[in-house]
Amino acid sequence: MQTEFEISTRGAGLYAFTDDVARWLSGGGDGVLTLMVRHTSASLLIQENADPDVQVDLRRFFERFVPRGDDPAMAWLTHVAEGPDDMPAHIKAAVLPVSLQIPVAGGRMRLGMWQGIYLFEHRDAPHQRRVAAAFSGL
Amino acid sequence: MQTEFEISTRGAGLYAFTDDVARWLSGGGDGVLTLMVRHTSASLLIQENADPDVQVDLRRFFERFVPRGDDPAMAWLTHVAEGPDDMPAHIKAAVLPVSLQIPVAGGRMRLGMWQGIYLFEHRDAPHQRRVAAAFSGL
Amino acid sequence: MQTEFEISTRGAGLYAFTDDVARWLSGGGDGVLTLMVRHTSASLLIQENADPDVQVDLRRFFERFVPRGDDPAMAWLTHVAEGPDDMPAHIKAAVLPVSLQIPVAGGRMRLGMWQGIYLFEHRDAPHQRRVAAAFSGL
Numbered sequence: 005m006q007t008e009f010e011i012s013t014r015g016a017g018l019y020a021f022t023d024d025v026a027r028w029l030s031g032g033g034d035g036v037l038t039l040m041v042r043h044t045s046a047s048l049l050i051q052e053n054a055d056p057d058v059q060v061d062l063r064r065f066f067e068r069f070v071p072r073g074d075d076p077a078m079a080w081l082t083h084v085a086e087g088p089d090d091m092p093a094h095i096k097a098a099v100l101p102v103s104l105q106i107p108v109a110g111g112r113m114r115l116g117m118w119q120g121i122y123l124f125e126h127r128d129a130p131h132q133r134r135v136a137a138a139f140s141g142l
Numbered sequence: 005m006q007t008e009f010e011i012s013t014r015g016a017g018l019y020a021f022t023d024d025v026a027r028w029l030s031g032g033g034d035g036v037l038t039l040m041v042r043h044t045s046a047s048l049l050i051q052e053n054a055d056p057d058v059q060v061d062l063r064r065f066f067e068r069f070v071p072r073g074d075d076p077a078m079a080w081l082t083h084v085a086e087g088p089d090d091m092p093a094h095i096k097a098a099v100l101p102v103s104l105q106i107p108v109a110g111g112r113m114r115l116g117m118w119q120g121i122y123l124f125e126h127r128d129a130p131h132q133r134r135v136a137a138a139f140s141g142l
Numbered sequence: 005m006q007t008e009f010e011i012s013t014r015g016a017g018l019y020a021f022t023d024d025v026a027r028w029l030s031g032g033g034d035g036v037l038t039l040m041v042r043h044t045s046a047s048l049l050i051q052e053n054a055d056p057d058v059q060v061d062l063r064r065f066f067e068r069f070v071p072r073g074d075d076p077a078m079a080w081l082t083h084v085a086e087g088p089d090d091m092p093a094h095i096k097a098a099v100l101p102v103s104l105q106i107p108v109a110g111g112r113m114r115l116g117m118w119q120g121i122y123l124f125e126h127r128d129a130p131h132q133r134r135v136a137a138a139f140s141g142l
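Chains as they are written, first to last, in this note's numbering: chain A, 5 to 142; chain B, 5 to 142; chain C, 5 to 142.
Only chain A is shown next, with the shape it has when bound in the complex (with noise of 0.2 Å):
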């Protein structure tokens, strides 16, 4: 059982498609969710989904740890041909979670209470974003 989950982006941040998940997971068994972001500038998360000062936090905490290509602290970056935003993304990328895995019971992700699943963005332009996603049976 295969799907890919299409994410619309509209600049750098946190995605929540927890629930779209739930949805294609419900009415199935017992095993375990694989997703995969299928690019190198984008990452997947696993975050508090109650206090959404969180994710600005999450997000200023990033911008800060790997500031932008035209930040002087970033003078040494030889990738700059495809804008600002652009090296900072995959360094984000490698950082973050490409693929994440859960196990299911009963057609329900086994999530504590607090757990959303995020795709995180990492460029500042409109994209359009996929996840491949895999369950297999225990």
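Possibly wrong hints are sitting among the right ones.
To be verified - Distance condition first, Cα-Cα at most 30 Å in a straight line; then the derived DSSO-like pairs of lysine-lysine:
id : chain 1 : residue 1 : chain 2 : residue 2
1  : A       : Lys96     : C       : Lys96
2  : B       : Lys96     : A       : Lys96
3  : B       : Lys96     : C       : Lys96
As the list claims (entries may be wrong) - Listed next, the stretches of chain C that the computed footprint assigns to chain B, with coverage defined by at least 3 CB atoms under 8 Å from CB atoms of chain B:
id : stretch
4  : 16-28
5  : 88-97
6  : 124-137
It is worth saying that the hints were derived from the structure and are not from the lab.
Just so it is clear, CB atoms sit at the ideal spot from N, CA and C, and this is done for glycine as well.
Chain A is fixed; fit chains B and C onto it per the hints.
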């Protein structure tokens, strides 16, 4: 085949639970083990199991990388209501693994000889942490 | 279906092995591939396979993010007996992936068109690195 491991933590740091996992898998066959921590302020980690200094240094590195919320360097944080260790814990949980997969042969994890499995607690207060586990036979 | 990939490294940097994995899977069916590096001073990475400058910048970023043990910024390290590149290697191995999962359809990995699979070596000296692989059919 699914289970849940419970790990009692007493402050930030690494807590080994390799032996609990090995015991659960023993006597089984070939497959893949999935582990997923059900929290957004603790992480999973596969790291060196030999010199305890490695664990001390890992913890210190992450304390410097993501200082506490009452550190002047973190004055930009907005999610501060749950204490100075809360938002830094979410950031560490974004950077470090939430899920791990380990190939298993003849009921034994194919870990390298220096690899152990750890829960990395990011909060100050004692917590009861839960790790969802699933074993998929090949 | 399990195997082990061997990668010979000659110092820190990214070593592509996408083709070895593709060859092993070819002719197979639908499922999920699991890769796990059996070391605590090297990582796995899915990253851009087009412009080699991306790999140069990734390596440089991590050299700055986690300086060598003989850098004054790292004077707080305690695990220093195995050389100035050892503890920084463990830290990079904590931050970057130890395991990856890739959905497979008709014997082909569902990678995006710009994604390649790399071993990221963190040590200076040549090493023979082993990556455990398992393929679970759906």
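Checked hints:
1. A/Lys96 <-> C/Lys96: Holds - the C-alpha atoms of lysine 96 of chain C and lysine 96 of chain A are around 14 Å apart, at most 30 Å.
2. B/Lys96 <-> A/Lys96: Roughly 14 Å separates the two Cα atoms, so the pair holds.
3. B/Lys96 <-> C/Lys96: Given pair lysine 96 of chain B, lysine 96 of chain C holds - Cα atoms ~14 Å apart, limit 30 Å.
4. 16-28: violated (count 0)
5. 88-97: Coverage by chain B holds here, the residue count being 4 at a Cβ distance below 8 Å.
6. 124-137: It holds, with 3 qualifying residues against the three required.
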